[in-house]
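Asks: Two chains, each in its own frame: build the complex with the hints.
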Amino acid sequence: MNQPAAQNTAATDAMIAMAHVEKWYGDFKALTDINLAVRKGERIVLCGPSGSGKSTLIRCINHLESYQKGEIRVGGTRLGDDARTIDAVRREVGMVFQHFNLFPHMTVLQNCMLAPMRSLGVSKADAEATARKLLGRVKILEQAEKYPAQLSGGQQQRVAIARALCMKPKVMLFDEPTSALDPEMVKEVLDTMISLAEEGMTMICVTHEMGFARQVANRVIFMASGAIVEEAPPQEFFSNPRHERTRQFLGEILHKH
Amino acid sequence: MGSNEFLFLLTGLKWTVLLSLVGFVGGGVFGLAVALLRTSGIAPLERGSRSYISLFQGTPLLMQLFVVYYGLALVGLKLDAWVAVAIGFTLHASAYLGEIWRGSIEAVPKGQTEAAKALSLHYVSRMKDVILPQAIRISLPATVGFLVQLIKGTSLAAIVGFTELTRAGNIISNQTFKPLLVFGIVGILYFLICWPLSLYGSHLERRMAVASR
Chain A
1 MNQPAAQNTA ATDAMIAMAH VEKWYGDFKA LTDINLAVRK GERIVLCGPS GSGKSTLIRC
61 INHLESYQKG EIRVGGTRLG DDARTIDAVR REVGMVFQHF NLFPHMTVLQ NCMLAPMRSL
121 GVSKADAEAT ARKLLGRVKI LEQAEKYPAQ LSGGQQQRVA IARALCMKPK VMLFDEPTSA
181 LDPEMVKEVL DTMISLAEEG MTMICVTHEM GFARQVANRV IFMASGAIVE EAPPQEFFSN
241 PRHERTRQFL GEILHKH
Chain B
1 MGSNEFLFLL TGLKWTVLLS LVGFVGGGVF GLAVALLRTS GIAPLERGSR SYISLFQGTP
61 LLMQLFVVYY GLALVGLKLD AWVAVAIGFT LHASAYLGEI WRGSIEAVPK GQTEAAKALS
121 LHYVSRMKDV ILPQAIRISL PATVGFLVQL IKGTSLAAIV GFTELTRAGN IISNQTFKPL
181 LVFGIVGILY FLICWPLSLY GSHLERRMAV ASR
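Protein chains in written order, with my numbering: chain A, 1 to 257; chain B, 1 to 213.
No lab work stands behind these hints, which were simulated from the structure alone.
Just so you know, not all the hints are guaranteed correct.
The calculated label-pair distances, taken between Cβ atoms and stated as ranges, are [claimed, not checked]:
(1) B:LEU199 - A:LYS29: 25 to 35 Å
(2) A:SER66 - B:ALA73: 20 to 30 Å
(3) A:ARG78 - B:LEU32: 33 to 43 Å
(4) B:TYR123 - A:PRO183: 16 to 26 Å
Computed cross-link-like contacts, BS3-like style, restricted to lysine-lysine with a CA-CA straight-line distance of at most 25 Å [stated by the list, open to error]:
(5) B:LYS152 - B:LYS128
(6) A:LYS29 - B:LYS152
(7) B:LYS110 - A:LYS40
(8) A:LYS124 - B:LYS14
(9) A:LYS168 - B:LYS117
(10) B:LYS128 - A:LYS168
(11) A:LYS146 - A:LYS133
(12) A:LYS124 - A:LYS40
(13) A:LYS146 - B:LYS110
(14) B:LYS117 - A:LYS133
(15) A:LYS170 - A:LYS146
(16) B:LYS128 - A:LYS69
(17) A:LYS124 - A:LYS69
(18) B:LYS178 - A:LYS170
(19) A:LYS133 - A:LYS187
(20) A:LYS146 - B:LYS117
(21) B:LYS128 - B:LYS14
(22) B:LYS128 - A:LYS124
(23) B:LYS128 - A:LYS146
(24) B:LYS178 - B:LYS152
Since the structure is predicted, the reported quantities are computational estimates derived from the model, not experimental observations.
By construction, the Cβ of each residue, glycine as well, lies at the ideal position given by its N, Cα and C atoms.
Chain B on its own, in the form it takes in the complex (with noise of 0.2 Å):
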């Protein structure tokens, strides 16, 4: 295996970053307003928010995926692959972080509402000044270890053209016949991207602990 194969995986990582980072994204900003709807106590729009949820738990990435780039063209919405890509990741990536941080905001002691509501505090501001803060803490364990699963799972944006990292493995696999040397380099790139996320996980984690103390 050439510096020529090495360079290809290394375009197929950087295809990982960016479907990583849409993810997150996407993720992200709808994530926090699924968890926002879920826990509303607007009965219709907790209800919305749970199917969303059920709908995208119980189902896998894949199809998801599958549904928005080949499905959608069957009834004539043609979307280019990078916008299909981004709508199935952040669809998936919502459903599961809104879950976490809907989970961490209701962790949040409940007294700590009633003050800010006592305070006189509005919505806006109970939840960006008082809730949040401390239900990003509850869960940032899970919200990095989903983040690290999402970067694992942009794999799947092969089905719908993207060479990124799992792909171009596959394709230097099957041209130097070296699957072991291939997938290793393939897994230790992966690993590189991972791990010092679960590290600033980690990191963020003691910081915040030693605010609260």
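Okay, chain A solo, but in the shape it has when bound (with noise of 0.2 Å):
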């Protein structure tokens, strides 16, 4: 297992650098100096109760949410408020929702080369070639021609997951996806998710997933009221956590499953 030599700067070498980020919703304060350095390569699950600002964390760092102080890096680019490094982040990064957010009007094959065609301007030939490669990687080739609402939840993600990879990104992000699945269909997500993190993607995932976290995960991120509480690799984090609010988070989701 990876120790991260030095968590708290953001390192040049970083795939992504936050530094000293900080986020308002008018006076209601999201996130508070939020320091994060993820290497390439490198799996941070993110977890914490609802309202702590996981997905505020994750949506900033593609410009989903602006934030008002500190910087974010990804891959050298320092992500401004203006289109072009909006769009140059962009194109490095995946996002994978809990709701999918698949398009309903195109079938499953279009979801995967429509943003490859128009935005990094691939041929259509190719894109097709990339989205049928990737849809069998998350073993769904077959149902290429279908539109997502025939599918199931764990099928669609799968497909969401094949769709951000079409755009060859260096890293990506989970937004809870697996929270809104039935349970039944959380094993081929997070196998499909862990195959992705044994290739070696850099991934930052916010799950409640803890056997996911111990499974793959260099490091666990646990955040409340919008900052940064404690991070630690997995046996440690599960095993002894430091702050009080942390056990008894561990205490209040591992009692539940």
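Replies: Below you can see the structure in the form of structure tokens.
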């Protein structure tokens, strides 16, 4: 297991570096002094009670949310408010949502081909070849001509993962990818994510799947009230949490499962 | 009522269809622009398009046609009747369609825009490929309803001298003293162009519903 050398410095070799990031919704402070460096190939699991800012944090990385203070760098690009850097960052960062957000009026294959063709300028034939390859990888190629609503939740989420991968991202963000799934479908999605991790993808996952965290995470980060409370490698995080709020949270979710 | 009178009604019907087409095309193009401005997220554009919608939804079409044709002539801008009517219907239809489509665009779940953004799709592609196809489907019943309304609204073009279907009916009725018969026929003619449009609308709705199932 890799040990992060300097967890809180925005190292220049970091894939993602967040330094002193702060965000408000009006008077409500959603993120407080977030410092996070993610190296290439690292797998981070973000957890914490609802409303703790985990989703907000990862949504800042691809600028689905803006932030007011601090700095975020993705692969060398400093994320600003301008279309050019936002676009550059989004081309490098794939995202998977809790509710899949597949385009319902397009087939699975079209869902996967749209963005490479429109924003990378890939030819139709190449886009289709890539899409079919990646749909095969998430084991859903035989559904390529179907519409999203014809698929189960687990299948839709695997398509969503393939769709994001078609952009050949350097980082994948997962925002509670299994929370909207029926229990029997959680495993197929987690297995897909695990195989992605094994291939060395840099990943940040907001999830409460602690089995997944144990198995693939390099670091588990616990957030509460918009701040990072604790971060540690999984064994340490689960066996020996340092903070009272972490212990309380772990008690609640591990008890539940 | 002889065949000459009936032919006269059909000439009126021709004008009604042409006026409707002008309203559809002008209203469609500018209505889309209004809807996009209204959802642009840029405050002055949103305010401007909202006022535009309020103005043309809040005043009668008859008055709008009147102002464009006679009002502008008073200040020295003499417009051809066709141009005046085209402008009048375009203003009217674009306000209504703009508001209908604004609502439909906003009814598309926010996650669709977020997914498109996360895939680094730019605004044009986000709208053209992702949002509008879904918004159009949502808007179909209201859009078709408005277009049917617009066809019937073209009778108001009589005010600037068009002898469209209703006006033609009026003339024939005054000549023949058979208002019930004449307006019965006029009603049937209106029905024959409005009804297929409604049917086509529900056909489209069904087809699009299947496509997303």
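Asks: All hints are to be evaluated individually against the structure, with a verdict given for each.
Replies: Okay, the hints, checked on the actual structure:
In this structure, B:LEU199 and A:LYS29 break the distance hint of 25 to 35 Å, their C-beta atoms being roughly 56 Å apart. Range check, A:SER66 to B:ALA73: Cβ separation about 51 Å, and the 20 to 30 Å hint is violated. Under the hint 33 to 43 Å, the C-beta atoms of A:ARG78 and B:LEU32, about 37 Å apart, fit the expected range. At about 39 Å, the beta-carbon gap between B:TYR123 and A:PRO183 misses the expected band of 16 to 26 Å.
A distance of roughly 31 Å separates the Cα atoms of B:LYS152 and B:LYS128; the hinted pair therefore is violated under the 25 Å criterion. In summary, the hint linking A:LYS29 to B:LYS152 is not supported, as the alpha carbons are separated by about 55 Å, beyond the 25 Å threshold. Pair hint B:LYS110 plus A:LYS40 does not hold up; C-alpha atoms about 31 Å apart against a cutoff of 25 Å. Among the hinted pairs, A:LYS124 with B:LYS14 is inconsistent with the structure: their alpha-carbon atoms are about 45 Å apart, more than 25 Å.
Between A:LYS168 and B:LYS117 the alpha-carbon distance is near 16 Å, which keeps this suggested pair within the 25 Å criterion. With a CA separation close to 23 Å, the supplied pair B:LYS128 and A:LYS168 stays within the 25 Å bound. Proximity of A:LYS146 to A:LYS133 is assessed by CA-CA distance (about 16 Å); at most 25 Å being required, the pair is judged to hold. Proposed proximity of A:LYS124 and A:LYS40 is contradicted: the alpha carbons are some 30 Å apart, above 25 Å.
Between the alpha carbons of A:LYS146 and B:LYS110 the distance comes to roughly 23 Å, so the proposed pair stays at or under 25 Å and holds. Between B:LYS117 and A:LYS133 the alpha-carbon distance is near 23 Å, which keeps this suggested pair within the 25 Å criterion. For a cut-off of 25 Å, the pair hint linking A:LYS170 to A:LYS146 is broken: about 28 Å separates their Cα positions. Distance hint between B:LYS128 and A:LYS69 is unfulfilled; the C-alpha atoms sit about 34 Å from each other, more than 25 Å.
Of the pairs offered as hints, the one joining A:LYS124 and A:LYS69 is violated, with about 41 Å between alpha carbons and a cut-off of 25 Å exceeded. Taking the CA atoms of B:LYS178 and A:LYS170, the gap is about 79 Å. The hint is violated against a cut of 25 Å. With a CA separation close to 22 Å, the supplied pair A:LYS133 and A:LYS187 stays within the 25 Å bound. About 23 Å separates the Cα atoms of A:LYS146 and B:LYS117, which keeps this hinted pair within 25 Å; it holds.
At most 25 Å may separate the alpha-carbon atoms for a hinted pair to count; B:LYS128 and B:LYS14 exceed this at roughly 34 Å. For a cut-off of 25 Å, the pair hint linking B:LYS128 to A:LYS124 stands: about 18 Å separates their Cα positions. Of the supplied pair hints, the one linking B:LYS128 and A:LYS146 holds, its CA atoms being roughly 21 Å apart against a limit of 25 Å. Between B:LYS178 and B:LYS152, the direct Cα distance comes to roughly 22 Å. Compliance with the 25 Å bound is thereby established for this hinted pair.
Consistency note: the structure conflicts with the earlier hints numbered 1, 2, 4, 5, 6, 7, 8, 12, 15, 16, 17, 18 and 21.
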